[in-house]
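Add chain X to chain S, keeping to what the hints say.
From first to last, the protein sequence lines are chains S and X.
Anchor point for the first sequence: position 102 equals 451 in my numbering, and the numbering is continuous, going up by one each time.
Anchor point for the second sequence: position 7 equals 356 in my numbering, and the numbering is continuous, going up by one each time.
Keep in mind that the hints are not guaranteed to be accurate.
Any copy will do: because identical chains look the same in the list, a pair fits if it lies in one copy or spans two.
[What the hints assert, rightly or not] Only pairs whose alpha carbons sit at most 30 Å apart, straight line, appear in this in silico BS3-like list of lysine-lysine: (1) LYS375 - LYS361; (2) LYS375 - LYS493; (3) LYS357 - LYS469.
Calculated directly from the structure, the hints in this document are not laboratory data.
Chain by chain, the residues run as shown.
Number of protein chains: 2
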Amino acid sequence: MPIIDPTKVPLKTGSIYPEPYASMMKGRSSLRLGEAGGLTQYGVNLVMLEPGAMSSLRHWHHNEDEFVWVVEGECTLVQDEGETVMRPGDSAAFPAGNPNGHHFLNRTDKVAKFLVVGTKAPTETAVYSDVDMMVHMTPGLSGKAHFTHKDGSDWTGPR
Amino acid sequence: MPIIDPTKVPLKTGSIYPEPYASMMKGRSSLRLGEAGGLTQYGVNLVMLEPGAMSSLRHWHHNEDEFVWVVEGECTLVQDEGETVMRPGDSAAFPAGNPNGHHFLNRTDKVAKFLVVGTKAPTETAVYSDVDMMVHMTPGLSGKAHFTHKDGSDWTGPR
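Isolated chain S (complex conformation):
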């Protein structure tokens, strides 16, 4: 059956970020719906943000298109130009290679949820707008994330 039973999709919590950024992702969780349904060409995740939580560090993708559709509550989109509140039925697109970093904050006292779609590119680099960090994903590293500073040196902590 192609219908996805969300009660059978494992709730993903935590973060692949090194500290101190991993701890900043507290209150964020997600269901990997696309993966649960057997999709391999792009991911579709339902992201849940508790009050005060953020979706990720502000970032942009070199190779992967990203699309967001708000499902519940209010999500505040933050990008170079500032903040915009998005509500259920609002959507946003972040084409690969556009260096205007984005993330979503829940500034309300209720849970907020959005659906996010992202291509599964063979290799990917994401750049974090507000900190000196990038992440490199390559199949050669078995899909593992390799964090560096923006000068390409191994990440050793905030600087």
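What follows is chain X alone, placed relative to chain S:
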């Protein structure tokens, strides 16, 4: 701005199908949200079905993953096993190459809406489960759709 203003996205109506199938798509329209937002790696369309309308002929994709998220009303998913009613927040995934054809019907008296994501593969063949027809999309044909019978011969009408 990455936020998509749906009032500025052209409403797509009609069908690329040859008759008599094009007329069967009456009451279906869509907004190409991903394209409006500059995405090229996959499409994200908000599909609207008037009462009695269908999303497409029942079909499956050779090369493209497909994902559906119901936004409003009730959508009846039809596939080999039969029918399943899907409601807002329900989702379904159709991995590329799985020959279990699907489409969505609106059997209610209210509008139904769903979000559909589909990879933009370099070449694609979609097979229509219930009629003797296939469609081939290739960049060499400038993105045009080429309809054939299932034996590969040019499509000349229902048989």
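How the hints compare with the structure:
no.	hint	result
1	LYS375 - LYS361	within (12 Å within a copy, 41 Å between copies)
2	LYS375 - LYS493	within (22 Å within a copy, 48 Å between copies)
3	LYS357 - LYS469	both (23 Å within a copy, 29 Å between copies)
When held up to the earlier numbered hints, the structure conflicts with none and fits them all.
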